[in-house]
Each structure stands twice: as C-alpha cells, then as structure tokens.
Amino acid sequence: MNTNGYLSGSNLERVLKNGYFAVTAELGPPQSADGNVIRRKAALLKGYCDAVNITDNQTAIVRMSSIASAVIALQEGLEPVIQMVCRDRNRLAMQSDLLGAYALGIRNLLCLTGDHQTFGNHPTAKNVFDIDSTQMVQMVTAMRDRRVFQSGGEIKGQEPRFFVGAAESPFAHPVEFRPYRLAKKAKAGANFIQTQIVYDIPAFKAFMEKARELGVHKQAYILAGVSPLKSPAMAKYMRENVPGIILPDELIERMEAAGAPWAGKKKEELTPEDKKARSAAWQAEGIKICIEIIQQLRQIEGVAGVHIMAIEWEEAVKPIVEGAGLYPRPVIPEPEAQPG
Amino acid sequence: MSQDLQIVAYCCEHCAYAAADLAGGLRLQYPPNVRVVLLPCTGKVDPLLILHALEEGADGVMVAGCLPGNCHYLKGNFSARRRVAYVQQLLKQIGLEAERVEMFHLSSAMGSRFAEIAKEMTERVAAVGPNPLRIPRKEREP
Amino acid sequence: MIVAEQKSLDEIKQLVGRAQKVLVVGCGTCVTVCFAGGAREAAIVAAELRMASKLEGAPKEVTDVTVQRQCEWEYLDQIAEQVGQVDVVLSLGCGVGVQAIAEHFPNTWVVPGLNTKFMGLPTEQGVWEERCAGCGDCLLGLTGGICPIARCSKSLLNGPCGGSLNGHCEVNEEIPCAWQLIYDRLKSMGKLEVLMDIQPPKNWCTARDGGPRKIVREDLRLATEE
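Protein chains in written order, with the numbering used here: chain U, 1 to 340; chain Z, 1001 to 1142; chain G, 2001 to 2226.
Hint data in this document are derived by calculation from the structure and do not stem from the laboratory. Wrong hints could be hidden among the right ones.
Straight-line Cα separation of at most 25 Å, BS3-like style, residue types lysine-lysine; simulated pairs [claimed, not checked]:
{"id": "1", "chain 1": "U", "residue 1": "K236", "chain 2": "U", "residue 2": "K218"}
{"id": "2", "chain 1": "U", "residue 1": "K236", "chain 2": "U", "residue 2": "K187"}
{"id": "3", "chain 1": "G", "residue 1": "K2187", "chain 2": "U", "residue 2": "K187"}
{"id": "4", "chain 1": "U", "residue 1": "K126", "chain 2": "G", "residue 2": "K2187"}
{"id": "5", "chain 1": "G", "residue 1": "K2187", "chain 2": "U", "residue 2": "K210"}
{"id": "6", "chain 1": "G", "residue 1": "K2060", "chain 2": "U", "residue 2": "K126"}
{"id": "7", "chain 1": "Z", "residue 1": "K1092", "chain 2": "G", "residue 2": "K2214"}
All values reported here derive from a predicted model rather than from experimental measurement.
This is chain U alone, in the form it adopts within the complex (with noise of 0.2 Å):
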C-alpha cells in the first residue's frame, strides 16, 4: 500500500503531519466481554479526539482485549491508538498479535512497558517482559519500515504499518534520566510521544527545554497527558501513589475552595441532593483546571498535542476539548491508494 508518504496514514499521523494540535483520549476496555460499554463510551468521545488510546489489561486487570476493544471503535467511526505492554507477551506474541490488528484495520500503536502484575487482579501470574518498550518500538518500526520480523527475517507479503508511539513519564525518578530515556525511546524510532499526566507547567517546562535540547520534538510528536481532577480526595490519592505525577497544592486548593459551600459538614448531614451538587462543582472546577493546563501546554514549543486520560468519566472530555477551543477537530482526507 502506498501512503503518500505517510508512515501508516492514520488520521492521528495526518493532523500531527499537517501541523494541528492533535488530541487523543483514553477509553478503558470492559472487565467482561459487553461490547456495548466501549460502543458507549466511543459515541462519548466521537468527534472530540483525533484517536483514542484503547489500554492494554490496564493497571495488570484482565480487561477485554485491546486489539478486539479497537475493532469494535473503528466500527463506531473512532480511530483507535492499541496500547501494547511488554508484561504480558512475548515478542511472538507480540508480533502476531500486530499483524493481525493491522489486517483488522488499526493504525497505531503505544508501545509500554506494563504496570507489574501484582498491581492487579492476578498478582500470581508470571509476567513475561522478554522485550522492554524501547525494543518493542525498535521492533516494530523495522516491521514497518524494513519489512523484517525481529528475529531478522523477511515479512513475506503486507507488513504492518504502524503509527508508533512510546510513552514517557516525565516527573518519575531518576528525574534527570527521563529527557535522555525520551531521546532514547525517539531515536529506536518512535514517532509520537504521550506522556504521563501533567499538573505542574514548570516541572514539564524544563523537562521539554531538555527534550528540545536533545532535538526529541523533531523526530517524535510529543502530546502532553492531561487529566481533569474529579475531586479533592482523587486529586490527593494521585498525589500520593501514582508515580510520576507532581500536582500542585495550588490546585488542590482549588478543587477544595469549590466545594467550599459543603465544607465542614458530616457525611450524615449531607442529602443526597447536597453530594450530587458538590460533585458537580468540583467536576467543573476540575475541567476549568485541564482546560487551563491545556492552554498552557499548547504555549510550550515542541508540545504537539494533548492526551487526555479522564479515566472513568468519559463525559468530561467534550467539555475540555470544547472549553480549550479544540473543537471541532479537523477533517483530513484520507491519503489516496495509488497503484502500486
């Protein structure tokens, strides 16, 4: 297949091509194998992003299958982004697994490592990482771009054609390593980048000095990850154990300044009524605080696009992309097959 010198011509490798800011959402799998939750969830977030991340047996819970969950999008009119983990294939499976996603349609690809096992709902499982998320990027890359399988050997007939992206977490420790862990991440030959959620704009401004430095916004887009706090309590659970993730007392401040009109009741002294209010206004505040991290982000050279994780709360993500004046997303037309 010719792609008019695109790498796999996925609507997300078209918008970062032509120059837009690109947007991508999250879109968590079912723990069950109902369809219909992400049929749901992709009417939610049609027409707001330019792709959708589907995640991999997310925090190492068995959950429908990427791979199967993408389909089911691409059925819905919704570019999916698989993410693939290194915890839980081999590079066969991996492999095999690639091609047959690509052969069902699906363009791109994350390539991570995979949050250990014993996170999860199997913590007695063996794990496998026999390639770590860089190799599988190398791995992945010469697929599509020598038609080799890793082993070396030819790929006889179509090879799958990726849009390939890794992820980095900028804040996460060695903190000094993470631009040169990018560079590394980019230079295997990744060609977008999502990074892990962003609250602190000065924290992520010298990590991206250093990636520019590096030269990284020249060879991979990088999309910034955002994700709005949807109450005080999440945002301090965040704060405290999710690695890699710096969020600031100032807008913890400002997620509980919203619910001030509540504050220092009980539980019991609150209706029904009372919760669902305070609820909505910390959700507000939450989204008023991504759309502002958002217009921050986009001041920020070599940022190339957002990736908004509103786990669970799919809904938030019009709001957000309407709210930072993304909306409409744009239209590009599909490069033409040429004969080949």
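Starting from the known structure of chain U, arrange chains Z and G on it as the hints suggest.
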C-alpha cells in the same frame, strides 16, 4: 504435682547466675524445681539448646540474662531474646505450649528478683502441666 | 551463594508422611551460610520431628547428618549407608541437593525441607537479597555492576519504567529501583553515556528459556586413551 516439675534455667554468669547465688546466700525461698545451668552469656543460647532440654523431658526452660544494655558482651542478651521468641514459634508448630519457654532480664544484685522469676516460671509451667514428651501418651489420656 | 528458607514444620511433616525412619540431611555449603540447612538446622529439624511425632503418638526415628556438599557425588557416597537404612530422606539442601540425592540413590524417597529462593548475598546479618538470575549472558559490564535482569522487577534493559519513585520500585518500597541504582552509579563514575545506547532484545536462549542448560569442558573431563 508442681514439685515434680523440672525447669532448666540457662543463666548468664555475669548476672542471673550470681543473682541465684545471692538468693541462696540470703536464704530466699524459691521453688526447688529450677535447675540452674551456667552459661558465659545468654548469647550462647541456641534454639537447639532449648529444644534439647524439652526433648529430654524438661517441663520448662527459662533463659536469664543481663538487663537490657548491660550485657557483658554488649548484645548477647538481645540475641538470646530473639532466639527465645523463635523457639516459642517452633514450639507451637511442634505441638508444645510456647509458655514453657521464657526470657528474663536481671542483674547480679537482684537475688530476690531471681527467686521471684523462679516462682513465676514454676507457676506458669504448672498451669500448662508436665511436658507431654516426658509422660507416655497412654498415661496422659484418661 | 544459593539462598534458601526452611519450609514450615507442618509442610515438612506432610512431606515425610508416615515414614518411620527419617534421615535429615544437611548441606555444609550455601545453605549453611544462610542458616537454612546446615548441621545446626538439621539437628533442630530432626529434634522438631522427633518431638512432634512423639506428641502425636507415633514417634519417628529421626536422625541427622550433614555433608560438605549435597551436590557432589563423592560427598553423597559418604552417607550411602545411613541413607540405605531409612524410609525417607529429608534434604535440607537446595533444589540441586535434593535432586542429587534422588539421582544418586535411585531407591530412596527424598523430600525437600527447604524452599530454594535465589542467588544472592547477605546485605546484613539475617537479611539476604537476590543479585543474579543466572541468565547465562552477563551484562553487568553495561550497567556498572548492577543487574537489571535480577534486580529490576521487569528486567528492563533500556532504563527505568515509569514506576520508579524515590529510589524504590513500584512493586513495593522494600525493593530498590535497579535503574535508579544503575543511574546513580554510572553518574558517580562519569559514565552516563553508556545508558544512551539502545540495548537490543536479549537472547534468552542462554537463560532457562532455552531449556535446561549444560556446560561441557573437554579440558577437564577425565582423560581416556587416545
């Protein structure tokens, strides 16, 4: 009944052994069930030493070392304390009462304290009864 | 060294089952040093079994013996007679020792008294930590002498994952992040540039993944007539 009990007291020569001597000198009464075994330090106590006494039929084992911080060899008494705790766990698995073994701390000047712990240990062992390893099963069960 | 830990007495009792005569065999090498299966531990386990079985009303005859190394035929030959007299051998050797006894004494039932844990070292008295995974293709030269295969929970080769926090691994705070250690060491040695090379996928053939491994040294084999 309790006069038949045998309690082995592993005593450090720098404290408990001297205290036992002092108790004798002061003519303090303490149960005759306690058999004192002299050790250079309770740090010498090894799980096997305690198990050996119990396997051979002792009803209880007390390990008596220096007061915390006063060990002649710095930390021998603390090592003993950890090993006693370990043996107490082993005893439960074996099927014996953990109460049969205990660690005590005292100084050489505490003659009356020695009499006191000897009494305490005897009462404690009397409460759990004689070592079933000493008495054939047939006699134990009515 | 090989680091092991004793099984619970309950499990050992189950493994020994109804056997009347039991020989507890300690090993004088690795498991002695890690206080799991040396002469002293063998004597303790034997006493435990004697006491427990007596309390249960079916006293067993339990003796113990310790050899210098259970993993060498010559040392096992020394206990052949004792082994021949019992119903079961309870090996307090590592998994290699148990198998060596089984292999050397085909008519003897042998059961393990230890769980063999890892290759590691005592970082302080009473604390042992894993250091080597025996992958068969040592890459410590690339990482400043700190092994990411054995010490990174995900065996990553190109740097830390996103779960590294304050020097520890995402799995739990007890595990130091191997890549933080590697980074710190290379930084202190002025060799950070080593980390910029992309390490290719590892050849796991040399590890367990290639099947059970074997080494043959012709220079060391006993000479035959030539």
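How the hints compare with the structure:
1. With a C-alpha separation of about 35 Å, the suggested pairing of U/K236 with U/K218 is violated against the 25 Å cut-off.
2. A hinted pair counts as satisfied when its Cα atoms are at most 25 Å apart, and U/K236 with U/K187 does not qualify at roughly 36 Å.
3. At most 25 Å may separate the alpha-carbon atoms for a hinted pair to count; G/K2187 and U/K187 meet this at roughly 22 Å.
4. For the given pair, U/K126 sits about 33 Å from G/K2187 by alpha-carbon distance, which is inconsistent with the 25 Å threshold.
5. Between the alpha carbons of G/K2187 and U/K210 the distance comes to roughly 18 Å, so the proposed pair stays at or under 25 Å and holds.
6. Under the criterion of a C-alpha separation no larger than 25 Å, the hint pairing G/K2060 with U/K126 is inconsistent with the structure, at around 39 Å.
7. As the CA atoms of Z/K1092 and G/K2214 are separated by approximately 44 Å, the hinted pair breaks the 25 Å bound.
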